[in-house]
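Peer 1: Sequence:
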Amino acid sequence: MKIGMTCYPTYGGSGVVATELGIELAARGHQVHFITYQQPFRLTGREHGIFFHEVAVTTYPLFQYPPYDLALASRMAEVAEFYELDLLHVHYAIPHSVCAMLARQMLEARGRRVPFITTLHGTDITLVGQDPGYLPITKFGIEQSDGVTSISDDLKRATERDFGIQRPIEVIQNFVNCDEYKPDGALRARDRAQYAAEGEKLICHLSNFRRVKRVDDVVEVFARVQREVPSKLLLIGDGPDRSLAEQLCLKYGIQGKVHFVGKQDSVQDLLPLTDLLLMPSAMESFGLAALEGMACGVPCIATRVGGVPELVEDGVNGLLFPVGDVEAMSAAAVALLRDEERLRGMAVAARRTAQDHFCTSRVIPRYERFYESVLGR
Numbered sequence: 008m009k010i011g012m013t014c015y016p017t018y019g020g021s022g023v024v025a026t027e028l029g030i031e032l033a034a035r036g037h038q039v040h041f042i043t044y045q046q047p048f049r050l051t052g053r054e055h056g057i058f059f060h061e062v063a064v065t066t067y068p069l070f071q072y073p074p075y076d077l078a079l080a081s082r083m084a085e086v087a088e089f090y091e092l093d094l095l096h097v098h099y100a101i102p103h104s105v106c107a108m109l110a111r112q113m114l115e116a117r118g119r120r121v122p123f124i125t126t127l128h129g130t131d132i133t134l135v136g137q138d139p140g141y142l143p144i145t146k147f148g149i150e151q152s153d154g155v156t157s158i159s160d161d162l163k164r165a166t167e168r169d170f171g172i173q174r175p176i177e178v179i180q181n182f183v184n185c186d187e188y189k190p191d192g193a194l195r196a197r198d199r200a201q202y203a204a205e206g207e208k209l210i211c212h213l214s215n216f217r218r219v220k221r222v223d224d225v226v227e228v229f230a231r232v233q234r235e236v237p238s239k240l241l242l243i244g245d246g247p248d249r250s251l252a253e254q255l256c257l258k259y260g261i262q263g264k265v266h267f268v269g270k271q272d273s274v275q276d277l278l279p280l281t282d283l284l285l286m287p288s289a290m291e292s293f294g295l296a297a298l299e300g301m302a303c304g305v306p307c308i309a310t311r312v313g314g315v316p317e318l319v320e321d322g323v324n325g326l327l328f329p330v331g332d333v334e335a336m337s338a339a340a341v342a343l344l345r346d347e348e349r350l351r352g353m354a355v356a357a358r359r360t361a362q363d364h365f366c367t368s369r370v371i372p373r374y375e376r377f378y379e380s381v382l383g384r
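In our numbering, the protein residues as written are 8 to 384.
None of these hints come from the bench; they were simulated from the model. Hints are not guaranteed to be accurate.
To be verified - Ranges between beta-carbon positions, derived for each pair: (1) S380 / G269: 39 to 45 Å; (2) A335 / E88: 52 to 58 Å; (3) E253 / R120: 48 to 54 Å; (4) P372 / P139: 36 to 42 Å.
To be verified - DSSO-like, lysine-lysine: derived pairs with alpha carbons at most 30 Å apart: (5) K264 / K189; (6) K270 / K189; (7) K258 / K270; (8) K258 / K146.
As the structure is a prediction and not an experimental result, all values here were calculated from the model. For every residue, glycine included, the Cβ atom is placed at its ideal position computed from N, Cα and C.
Given only the sequences and the hints, what does the whole structure look like? Please build it.
Peer 2: Shown next as structure tokens:
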């Protein structure tokens, strides 16, 4: 198949999933064309079977805001026509689903139909889409899609409830390449000393440091844990709340025990070095960071929100708590880090969960079957 892929090409979860999906589809022999304003960050530009088409937005004094939506729709139609694409797959409903609908209409006027699929990722439904200014157009874009997928059962239910959507929504959960994300003893032996001394535990957090990720809770938990267990904190990512996290580290005098490593293209080289992942988010429609850690044999302490319980089984491959319960998360982390046998058992269970349910070998064929079903209608 020839597939057009549109996403936000940044470090958010929807961009990561879209990019990894494109990479996996290309590896299975499909041709994937990314259509967006810049090359997705996990692409090198040299992958076989993957092509990037930049959306150029014209600036003009009359426009207070550059009309990216219109430029994207036009570029989608151009690429679909020139490269004879079979379908368009857009990630994150706003504004991509409506842009794809316009592209489809433009192509129909030229005698060619190219269907489009919308994948709902989370805040496009639970946050941005709830804004009164965006709700009607978000609902319209979903209803006009030729196929709709959701990354969790919880997000599907929220979409049906909050938008009154009655059309079918296929749940295809997020995935990870278990051959790349895996426990790595050699890597751990070589690189772990950069972040934690012998005898210290290494705790990590991975996100885009937005308010919803509650990075301040990560620091609060670690500040308590390090008093009881010799440990260091590895913070992977960057974003608006990084300054808040830095200020809290100074407040508790733990700045020398916290590594801010910023945005990383190859988190699979860092996660196997760690012992425990913290994800105290206010909302997660799935919890991709937790899955990436689990695939590397790193259990997760997370909040019982959204789609997280579909991934993290409390007491088996991780631990779940109410949002904001820093004291309980801290106590649980201390107890787990002190109990080597239980920690190893959860690490094994976490890896097994990823292998049994969320590896690319299990999930990518579901996308292929969904594509075929849409094309066959």
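Peer 1: List, from low to high, the hint numbers that the structure doesn't satisfy.
Peer 2: 8
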